[in-house]
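Listed here are the chains, written in short residue letters.
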Amino acid sequence: NAGVTQTPKFQVLKTGQSMTLQCAQDMNHNSMYWYRQDPGMGLRLIYYSASEGTTDKGEVPNGYNVSRLNKREFSLRLESAAPSQTSVYFCASSERTRSYEQYFGPGTRLTVT
Amino acid sequence: GESVGLHLPTLSVQEGDNSIINCAYSNSASDYFIWYKQESGKGPQFIIDIRSNMDKRQGQRVTVLLNKTVKHLSLQIAATQPGDSAVYFCAENIGNTGGFKTIFGAGTRLFVKA
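These protein sequences, in sequence, are chains A and B.
Each residue of the first sequence is one higher than the one before, starting from 1 at the first, in the working numbering.
Each residue of the second sequence is one higher than the one before, starting from 1 at the first, in the working numbering.
Because the hints were derived from the structure by calculation, they are not lab data.
A portion of the hints provided could be inaccurate.
In the DSS-like style, the derived pairs of lysine-lysine whose C-alpha atoms are separated by at most 30 angstroms in a straight line are [said to hold, decoys possible]:
#1 A:Lys9 / A:Lys57
#2 B:Lys42 / B:Lys56
#3 A:Lys71 / B:Lys42
#4 B:Lys101 / A:Lys9
#5 B:Lys56 / B:Lys71
#6 B:Lys42 / B:Lys113
#7 A:Lys57 / B:Lys113
#8 B:Lys71 / A:Lys57
#9 A:Lys57 / B:Lys68
#10 A:Lys9 / A:Lys71
#11 B:Lys42 / A:Lys57
Residues from chain B that face chain A, not an exhaustive set, calculated with beta carbons under 7 angstroms [said to hold, decoys possible]:
#12 Tyr25
#13 Ala29
#14 Asn93
Backbone N, C-alpha and C define an ideal beta-carbon position, used for all residues, glycine too.
Starting from the given sequences, assemble the full structure and let the hints guide the process.
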């Protein structure tokens, strides 16, 4: 099993450009999450999907949209990138929303200039 | 690979010694606590968890202690090995009736000296 995979690994955008970060898991997990990690601030939840067909805002959703394409895939979209969105983005999954063991992908380093 | 912040609290221990990583949490309503390990270039990896109605839980070479009186959590690693070098995060899950909320700490970097 590959676990949680993310693409791309690195991305540089100019302010105002858009892009979609892709995430897929092969563990048949119900719940998926998107976090951002900034220096000295730990992980902050952007959006989550408790199950296929549902999405909810996390702590820092502004400037992002998500799509739970199917049970395996959960994408994060930046419609108009801003320098404040420069960060490392992690996707995670868990068997259910209140399962505290989350499995994380390797991350995407995004730089917005 | 991905890197965590450069100015994290740092703990340096000798190989074979025990390590203790501390964490203060913020919310009295937190009902579940988790420790994650993040190696350089990788995503966080679950280590151990503990419910709020417990004060100690042991895993393989790791022990988590919870002191709800002072809202303090610690992770003890026995016989620390070079492979334990990583950033360690504590996380608290705040009980609620609808949404999902896990709050991650900023992390502590552990260096293991051979």
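Comparing the hints with the structure gives:
no.: 1; hint: A:Lys9 / A:Lys57; verdict: holds, 24 angstroms
no.: 2; hint: B:Lys42 / B:Lys56; verdict: holds, 28 angstroms
no.: 3; hint: A:Lys71 / B:Lys42; verdict: holds, 23 angstroms
no.: 4; hint: B:Lys101 / A:Lys9; verdict: holds, 26 angstroms
no.: 5; hint: B:Lys56 / B:Lys71; verdict: holds, 14 angstroms
no.: 6; hint: B:Lys42 / B:Lys113; verdict: holds, 21 angstroms
no.: 7; hint: A:Lys57 / B:Lys113; verdict: violated, 42 angstroms
no.: 8; hint: B:Lys71 / A:Lys57; verdict: holds, 27 angstroms
no.: 9; hint: A:Lys57 / B:Lys68; verdict: holds, 29 angstroms
no.: 10; hint: A:Lys9 / A:Lys71; verdict: holds, 22 angstroms
no.: 11; hint: B:Lys42 / A:Lys57; verdict: holds, 25 angstroms
no.: 12; hint: Tyr25; verdict: violated, 12 angstroms
no.: 13; hint: Ala29; verdict: violated, 15 angstroms
no.: 14; hint: Asn93; verdict: holds, 6 angstroms
In summary, the structure is inconsistent with hints 7, 12 and 13 from the numbered list given earlier, while agreeing with the others.
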